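S.K.: Sequence:
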Amino acid sequence: MPIVAQSTETIDWVSRFADEVIEESERRAPNKPVVVASGLSPSGPIHLGNLREVMTPHLVADEIRRRGRQVRHLISWDDYDRYRKVPAGIAGVDESWAEHIGKPLTSVPAPEGSPYSNWSEHFKAAMVDSLAEMGVEFDGISQTEQYTSGVYREQILHAMRHRADIDAVLAQYRTKPKAAKKQQKPLDEAELEAAEGSGAAAEDDGSSGSAGYFPYKPYCGGCEKDLTTVTAYDDDTTELSYVCTACGFSETVRLSEFNRGKLVWKVDWPMRWAYEGVIFEPSGVDHSSPGSSFQVGGQIVGIFGGEQPIGPMYAFVGISGMAKMSSSKGGVPTPADALKIMEPQLLRWLYARRRPNQSFKIAFDQEIQRLYDEWDKLGAKVADDSALPGDVAAYTRATGTAAGPLPATARPLPYRTLASVADITAGHRDQALRILSDLDPAHPLASLEEARPRYDKAEAWINTYVPADQRTIVREEPDVDLLKSLDEKAQHSLRLLLDGLDQHWSLDGLTHHVYGVPKVQAGFSADATPKELPPEIKTAQRSFFALLYHLLVGRDTGPRLPTLLLAVGQDRVRRLLGE
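For the sequence shown, my numbering gives the first residue as 1, with consecutive numbering after it.
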């Protein structure tokens, strides 16, 4: 079902961009498929910030498909880029790998133990799997294949013939001093890395040397590195001479037959816009500042007979509790990492609900539970038609694509409840099923499969991101000393709780019961609302909860008490509370 019936009904940022893209496509290439594009460099782990490069055009392309139009989403794998540096934190990789710096990514061996043929394929594979899980449809283009098969031969020769024109554009920016940017706060190393992006934005533009300006860089025939300098070129014969500053190798080749090199980045990108007929492509902040790749490309693309794509600058994506991300920093979360602890619908929603120029964070800490609560509340509002149109659009884009809905959990129980159950049961699936079935005795789970994959995601979060000292270990024996020290009021609160366990043994029932005990002790009804109660009732509830946690798990806090009680089971609860 289309999210918007007509293009005039622009209810969210995706619809608005889809309107613009369709209009621009009809102007540039009427009656042809709409082309949107992303570019990814598999130089290391492709992180959640890079995912915005894909999700922005994906969501727009999907909206265009929903309107019944043909669209191609190209993902250009920049696997013919140079290997720039050894990423931190990659298993099996140490500084000895620096010997490969300057080679194409597809000529660098894969990390130790990888089943893939080279460095690029290793990091590309994880992203391809994640995009498939998220329902992202795309056409992948390997730039290694494009360049080494001669696909861009005419474009390369054209660039060399017009090198003076390209040089004149680039020269406008080489001598301009960059304006100092005001910083709200000092950037740490990780944030500087994130601002750097893939590194392509800062690459050599082929600046003029003693032999003149050349927008093409050969990879050396001796050492395979791009540490080469073009020393001569003849437009008529296409003979090109170069020397390698790394190994001293030199040779003369015919560029009309030579396929071991590429255009420099600031020329390569606009060349591809023209070659592919790209209508829409977003760019990160590293490509969007004055004098950077996107702005310069907008002038160079005309040399190739094309036009610059329309598209927004997209903002950073952060991680709760971490600095902004960079693919070259070890331990930076990837889409695959996120999909281990959250369903693809939630991850899609995080990108769909924010405009591209709005930064946001993805939670790997306790905040993920609040995000899931928010997501489930939105789902309930969508179901009862009380959600705002923009929220409905974001939810619909998150839960499926033009091809249909994404696979979903049959019984989407609250994530924080599932996490608590996974924490308490520590991998015992039979016990987990017992507890989850007690959540709603009128509609018990038939099997744990009904709660999957959400249960598995919550369990992975508990096992991976919750520190060991925060895990829940239920007491084996009652805390006799604490029980003996309780005053009459505390003993009475435990008796009230125990007396009502049978009657309230469900998630909703126990929630009502544990909050109700301090109310009843103070002479109020268990059903009394906060507005009907004095402030000291909240204090009494906190004290009561802390007592229960100490008696059950030996700490001041723990999983939500109703879930904890269900997990421990009635018999053990009664024993630990001194009955």
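The hints are simulated quantities; they were obtained by calculation from the structure and are not laboratory data. Please read these numbers as outputs of a predicted model, since none were measured by experiment. Take the hints with a grain of salt, since some may be wrong.
[Stated by the list, open to error] Below, a list of computed lysine-lysine pairs in the DSBU-like style, where the Cα atoms sit at most 35 Å apart: (1) Lys377 with Lys484; (2) Lys531 with Lys381; (3) Lys361 with Lys381; (4) Lys538 with Lys381; (5) Lys103 with Lys489; (6) Lys340 with Lys489; (7) Lys489 with Lys519; (8) Lys103 with Lys85; (9) Lys361 with Lys340; (10) Lys531 with Lys489; (11) Lys531 with Lys519; (12) Lys340 with Lys377; (13) Lys519 with Lys484; (14) Lys484 with Lys538; (15) Lys340 with Lys531; (16) Lys489 with Lys538; (17) Lys361 with Lys538; (18) Lys538 with Lys519; (19) Lys85 with Lys32; (20) Lys377 with Lys85.
S.K.: Hint by hint, which ones does this structure get wrong, listed from lowest number up?
M.R.: Hints 1, 5, 6, 15, 19, 20 contradicted; others consistent.
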